[in-house]
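S.K.: Please put together the full structure from these sequences, using the hints given.
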Amino acid sequence: MKKRTIIVTTVGRDRPGIVAGISKILYKYNANILKSRASILGEMFVMVMVVDVSNISVSLTKLLSELKDEGVKLGSGISVEDEKTYEEKKKIIAFDMDGTLVNMEIIDEMAKLAGVEDKVKDITRKAMEGKISFKEALAERVSLLKGLPLSKLEKLKNKLELSVGVQDLIGELKKAGFVIAIITGGFDIFANYIAEKLGVKYVYANKLEVKNGILTGRFKGNILSPEDKLKALMDVAKKEKVSLSKCIAIGDGANDILLLKKSGLGIGYKPKKVVKQHINTLIGDEDLRTATVFIGVGCSQIRREISRFVKARR
Amino acid sequence: MAEMESKVVIIAIGKDKPGLVANVTSVVSELMGNIEELDQVVLQGIFIMSMIVKLLNLNSSKKLSELTSKLSKQGEKIGLKIHVYPVKTLISA
Chain L
1 MKKRTIIVTT
11 VGRDRPGIVA
21 GISKILYKYN
31 ANILKSRASI
41 LGEMFVMVMV
51 VDVSNISVSL
61 TKLLSELKDE
71 GVKLGSGISV
81 EDEKTYEEKK
91 KIIAFDMDGT
101 LVNMEIIDEM
111 AKLAGVEDKV
121 KDITRKAMEG
131 KISFKEALAE
141 RVSLLKGLPL
151 SKLEKLKNKL
161 ELSVGVQDLI
171 GELKKAGFVI
181 AIITGGFDIF
191 ANYIAEKLGV
201 KYVYANKLEV
211 KNGILTGRFK
221 GNILSPEDKL
231 KALMDVAKKE
241 KVSLSKCIAI
251 GDGANDILLL
261 KKSGLGIGYK
271 PKKVVKQHIN
281 TLIGDEDLRT
291 ATVFIGVGCS
301 QIRREISRFV
311 KARR
Chain V
1 MAEMESKVVI
11 IAIGKDKPGL
21 VANVTSVVSE
31 LMGNIEELDQ
41 VVLQGIFIMS
51 MIVKLLNLNS
61 SKKLSELTSK
71 LSKQGEKIGL
81 KIHVYPVKTL
91 ISA
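Sequence order for the protein chains is L and V. This note's numbering puts the first residue of the first sequence at 1, with every later residue one more than the last. This note's numbering puts the first residue of the second sequence at 1, with every later residue one more than the last.
Since the hints were made in silico from the structure, they are not lab data. The structure displayed is predicted, hence computed values, not measured ones. Since no wrong hints were added, every one of them can be taken at face value.
Counterexamples of contact, computed for chain V against chain L with all Cβ distances above 10 angstroms:
id, residue
1, Gln-44
2, Ser-65
3, Thr-68
4, Pro-86
5, Ser-92
Here are the simulated lysine to aspartate or glutamate pairs, DMTMM-like style, with alpha carbons at most 20 angstroms apart:
id, chain 1, residue 1, chain 2, residue 2
6, L, Lys-35, V, Glu-37
7, L, Lys-35, V, Glu-36
8, V, Lys-54, L, Asp-14
9, V, Lys-17, L, Asp-52
10, L, Lys-28, V, Glu-30
11, L, Lys-24, V, Glu-37
12, L, Lys-24, V, Asp-39
13, V, Lys-7, L, Asp-14
14, L, Lys-24, V, Asp-16
15, L, Lys-24, V, Glu-36
16, L, Lys-2, V, Asp-16
17, L, Lys-24, V, Glu-30
18, L, Lys-311, V, Asp-39
If we take Cβ atoms under 10 angstroms as the criterion, some of the chain L residues that face chain V in the derived model are:
id, residue
19, Asp-14
20, Pro-16
21, Ile-22
22, Ile-25
23, Lys-28
24, Ser-36
Ideal placement from N, C-alpha and C gives every residue a C-beta, glycine not left out.
M.R.: Rendered as structure tokens:
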């Protein structure tokens with residue numbers, strides 16, 4: 001019988017129990033580790049396992065889901081890939097903004113300024129959990145922001161906090177020649193600001209309508225739906241003349257699911273529960289630099305070594 | 001040198017089957033051993049694993065004998081021969 005194997009990569013701050021935690025789950029479902037290697041690189045613990053899943057006692061989905069949960073529990077990043085995803089070189093990376101590049105939901109901050117914080121927060125949470133449609137929720141919240149002056153939003157720009165490791169990650173991606181995009185259901189004025197700050201090439205965001213320096217509570221043009229986020233990435237891919245399989249997407253919310261699923265590598269960053277089941281790679285801690293190992297930039301010798309290691313078996 | 005004194009090499013070998021890594025590493029993490037490096041393969045059905053473990057507890061000589069005996073007991077249970085060597089003794093040899 002042909003062996004069916006997966007590659008499990010765990011990356012995280014070094015601490016006892018990571019190997020035990022992951023291998024315990026594999027054992028529980030009769031998955032056999034054919035080969036594994038772990039070492040500490042700087043402050044990061046990186047472990048790669050080639051796992052035979054031909055005889056597992058549950059569905060692969062169930063096994064993967066428990067591995068992902070364990071990754072979150074250990075505060076590590078974890079990726080479960082087949083070899084094909086592993087080998088394909090990526091060229092484009094698309095970031096979600098709120099909750100991913102930026103360590104906050106910007107619309108909630110805008111709501112504070114407009115004095116409608118509670119109402120808006122409530123709708124934001126429901127939308128991110130996928131309980132109400134993204135479009136509907138966004139339109140409702142933006143209408144609550146009617147009358148907010150642009151001058152206040154300018155001040156908010158300076159208060160935006162980037163997530164841990166964003167600058168380092170972007171720096172490494174650029175060095176490796178990646179094309180970087182922001183594809184967000186958030187707002188253009190912030191997305192453009194961040195894009196400029198980080199040197200991002202493409203921005204797809206929702207455009208707020210402004211009249212006489214004041215938000216009208218409406219949008220300019222159509223609202224970006226989850227489908228539109230995917231279309232945006234396809235658009236970038238087309239412009240850069242590469243296929244979607246060479247694209248990476250990083251996001252956290254329900255409106256990123258489609259994008260994460262359809263791109264060559266979808267990375268959930270502190271993903272919401274509803275997102276987790278749809279992805280094979282996630283970052284369970286704060287530090288976005290964990291992504292460098294999964295993408296194979298920066299500490300690229302790690303990835304090269306991993307790659308050699310994975311291939312060497314046969 | 002102080003750092004080296006608390007490090008050990010653990011070697012485990014036996015017939016391959018699921019659960020061997022889990023059973024060995026659970027003992028290690030129970031005793032607060034931190035795995036710094038690990039290399040494991042299956043060659044023609046034989047499981048071979050080596051790792052370097054740093055013992056995080058201060059009283060390392062007592063810890064070492066505890067680790068050694070717990071691992072060899074665990075090894076018997078799962079059909080592995082497990083050996084523990086302090087890094088110090090290997091380097092100065």
